[in-house]
Amino acid sequence: MTSTLETPAASPDASPDAREVRVAIIGSGFAGLGMAIALRRRGETDFVVLERAGDVGGTWRDNTYPGAACDVQSNLYSFSFAPNPRWGRSYSEQPEIQAYLRATADRFDVRRHCVFGADVTSARWDDAARRWHVTTTAGEFRARVLISAAGALADPARPDIPGLDTFAGTVMHSARWEHAHDLSGKRVAVIGTGASAIQVVPAIQPIVDSITVYQRTPAWVVPRTDHPVKPWTRRLYTYVPGLQRGIRAFLYLFREFLVIGLAKNRRFLRPVAKLARTHLHRQVRDPKLRKALTPDYTIGCKRILISNDYFPAVAAPNAELVTAGIAEVRPHSVVTRDGVERPTDTIVLATGFSVTDLPIAKRIRGREGRSLADVWSDGMVSNRSAAVAGFPNLFLLVGPNVGVGHTSMVYMIESQVAYVDDALRTMDAEGLDVLETTPAAQEAWRSLVAEKSKGTVWLAGGCASWYLDRHGHNTTLWPDFTFRFRRLTRKLDRENYVGVPAGAPASRPEVAA
Amino acid sequence: MHTVWRRVAAVRTPDGAQLHAVVDGSEDAPVTLVLAHGWTLAQAAWDDVADLLAPRIADGELRLIRYDQRGHGRSTWPSPTHPDAEISIDQLGADLASLLDQLVPTGPVVLGGHSMGGMTIMCLAAARPELFGDRVRGVALVSTSAGDLTSDPRSAAGRMAALKPGVLNAALAGAVLVEKLRTLLPPSHPRHRRMVRELLYGADASDAMVLAGAEIMHASTVRAFITFMPALDEHDKRENLSALTRVPVEIFVGDEDKLTPPRHSRQLADALPDAQLHQVERTGHMLPQERPQLLVDALLRLLEAALDDRAAA
Ligand SMILES: Cc1cc2nc3c(=O)[nH]c(=O)nc-3n(C[C@H](O)[C@H](O)[C@H](O)COP(=O)(O)OP(=O)(O)OC[C@H]3O[C@@H](n4cnc5c(N)ncnc54)[C@H](O)[C@@H]3O)c2cc1C
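Residue numbers (the numbering used here), protein chains in the order written: chain P, 3 to 515; chain S, 11 to 323.
One or more of the hints may lead you astray.
[To be verified] Straight-line distance between alpha carbons at most 35 Å, and here's what the computed DSBU-like set of lysine-lysine pairs gives:
1) S:Lys268 to P:Lys276
2) P:Lys293 to P:Lys266
3) P:Lys276 to P:Lys454
4) P:Lys454 to P:Lys290
5) S:Lys268 to P:Lys293
[Unchecked claim] Computed footprint of chain S on chain P, listed as stretches where at least three residues anywhere in the stretch have a Cβ under 8 Å from a Cβ of chain S:
6) 287 to 299
7) 338 to 351
Honestly, the hints are just simulated from the structure, not real lab data. What you are looking at is a predicted structure, and each value in this text was computed from that prediction instead of being measured. Every residue, glycine too, gets a C-beta built ideally from N, C-alpha and C.
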């Protein structure tokens, strides 16, 4: 690929062999791929996808632990423009989702834009050259526009437990599963009881010698309505694509009803809580275990989990649920605060991800060399979850306040991709070199989100979740109907951006009305 | 930090059941105590006894194993594909043997059994007599019986045995319905607790005790209740107790026990002349809950004797 742009004035730190591109996308998960496909579909080819790993897929490439599956129906948890009539189950397992993402990347021919093994170690805005200077482990890049799709759940969080490093057996994070490590006959400790644990525990419980689940907070769990998709249904989807679209629309609407309870009026969550309580009572008879598995916060405050086999697995003859809290790890055991020491061969960290302190934020530096992490030290701020003042020509996918727990992230991602694409087309149409949002727009978005978050179950549900930052602010979730997010980001809010036309000096930015 | 070892283990039986066992204490403790619970109960019935023993377990004096009998607590039923699906107390004895083989392959052992758990030990003694005196060095039999449980038609067990097997099968089929009905009168309901108290507890039992016991029983399945009832009826080891004469035995019974009234324990004491019989006043069938300290004192005597034995050997 050759750049169609004229080479800008060389800036002092421009490395001579940096590759020049119009757009650099960081990450090749649902978001990075979605963005790349959007560019390809309108004929844009001057872009790269920088991916630290060796393949596309993101979440679904990395989370290969036994039992990994999506918990939103595949008919909804997939790209709207690439329906898959061949899903084998209503909730697909990881290999099938990963295969779908790979096939979709091939189908839209974006793989040739991917640079694998390219871990972005720093990205600096060069104000003089009006370029992003991107350093990766696979070389240097200079890009007019940088789009970060590095994922919110991409960097495993390791718990800070004394002695964890001294453990003599295998320690593995659920998102970095070591398949060569045979768990059969092992005494396994699983730390954490979130979305990953609830899938991995029942998958490994039958083969291990014993399994100890260390729980800090119990999750609300509702039945999973998973089932294989019948061959004739698949044929029907193939020949009547409208049917699959219709089901997708129905699933979307059905799930959106949950928002009424989550964000508007918690009373509407009561039937869901009742369903979860009945589920627990049906599956667990032991009164002590039942009590330990009963949450004391409002349902929905943390992600509502779906499973039919988690409760039976922790109630299995070779299982133990421990609530005492881990004091330390010793070379061959885990010690809890009540002074009980359990012999342990393998530790599985199902401890989630760094969400409110995204590692990529430390690596992206805007004007005046300030990193996103610096700017966000008091909480993540943005305009429409996509742009940050002081970071010209930078767009974020799955940045602050885009997260959803009740429905498909792909819906949010597609909303964002359309918004960013509109920004890029606006730059082209107006001949802009630079597009940057304003602090005022950011403040307006922050207060809009804060206003919407008030009284939602995430703030008022009585739990500490990874949705909230250390100040207790909601900086990760979209606190309203998702169609409202889509409406708010349908088109670029041009009035909230400052544009600098090509050739114009930076000191006289043109401000749109 | 000074710690106590704990691990859970699933003991696999030859017919495919899995028994949930909790092992407290270090592998190198000098002696192991194994406790077997009663009908429609679970290992939690021993919690008070275990709490009193905890400091000694922490000091490394003994290892404690509690387990759920098949079909009770977290233990499973035999795999449905297994041919002889018939339930008997002898099977429970064989389960205890599997547990000893897998979790305590060496070292001295003291066994404690409450109610059906006591019968379990008697069945083990009948089937594996060679263990007694050698590996098994002491036995506590609590609120239990060697057989003839239903000959007294006025006993609660006798009244229940009057139900005919046909009725039982129908009841088993209707177990789902019974389950539903049961939830209508949960242990938190005073009437539920009154019924439990009248049947199982003595005069001194506290409300908290009755509630705890009622909750454990409520967690058991109707299937366990119904399938084990005829097995209890058939249990008769009055002529097969000789292995137990080789080890110190302590027998406990509450004078207000309605399920296994004192005459059953007297019968045991007659068959085991060297055994010590303790009839405890104002106490019902739930002796491990009602008089945990008494039991712990006896268990410690047995454990100590087991170790003296070893020193002598
Ligand atoms: C186990 C699990 C199950 C989930 N199930 C669901 C579900 O059922 N429904 C749902 O809606 N959501 C689910 N999610 C959320 C899921 O993360 C999102 O739906 C979606 O996959 C996110 O896509 P993404 O592209 O934003 O991020 P990711 O898929 O995480 O992709 C980010 C990519 O960026 C790369 N990257 C990161 N940093 C760098 C760097 N510095 N340099 C180069 N490359 C970098 C990563 O390697 C990765 O490939 C689940 C998440 C997990 C972990």
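- Straight-line Cα separation of lysine 268 of chain S and lysine 276 of chain P no greater than 35 Å? 40 Å, violated
- For the pair supplied as a hint, lysine 268 of chain S and lysine 293 of chain P, is the alpha-carbon distance within the 35 Å limit? Roughly 31 Å separates the two Cα atoms, so the pair holds.
- Task: Given that the segment 287 to 299 of chain P was listed as covered by chain S, double-check it with a C-beta distance under 8 Å for 3 or more residues.
- Result: It holds, with 4 qualifying residues against the three required.
- Given the hint that lysine 276 of chain P pairs with lysine 454 of chain P, does the C-alpha gap stay at or below 35 Å? 26 Å, holds
- Message: Run the distance test for lysine 454 of chain P versus lysine 290 of chain P: straight-line Cα separation, threshold 35 Å.
- Response: Since the Cα atoms of lysine 454 of chain P and lysine 290 of chain P sit roughly 38 Å apart, the hinted pair is violated (cutoff 35 Å).
- In terms of beta carbon proximity below 8 Å, does the segment 338 to 351 of chain P have 3 or more residues touching chain S? holds (count 5)
- Message: lysine 293 of chain P and lysine 266 of chain P were given as a pair; does the straight-line alpha-carbon distance stay at or below 35 Å?
- Response: 29 Å, holds
Of the numbered hints stated above, those contradicted by the structure are hints 1, 4, listed in ascending order.
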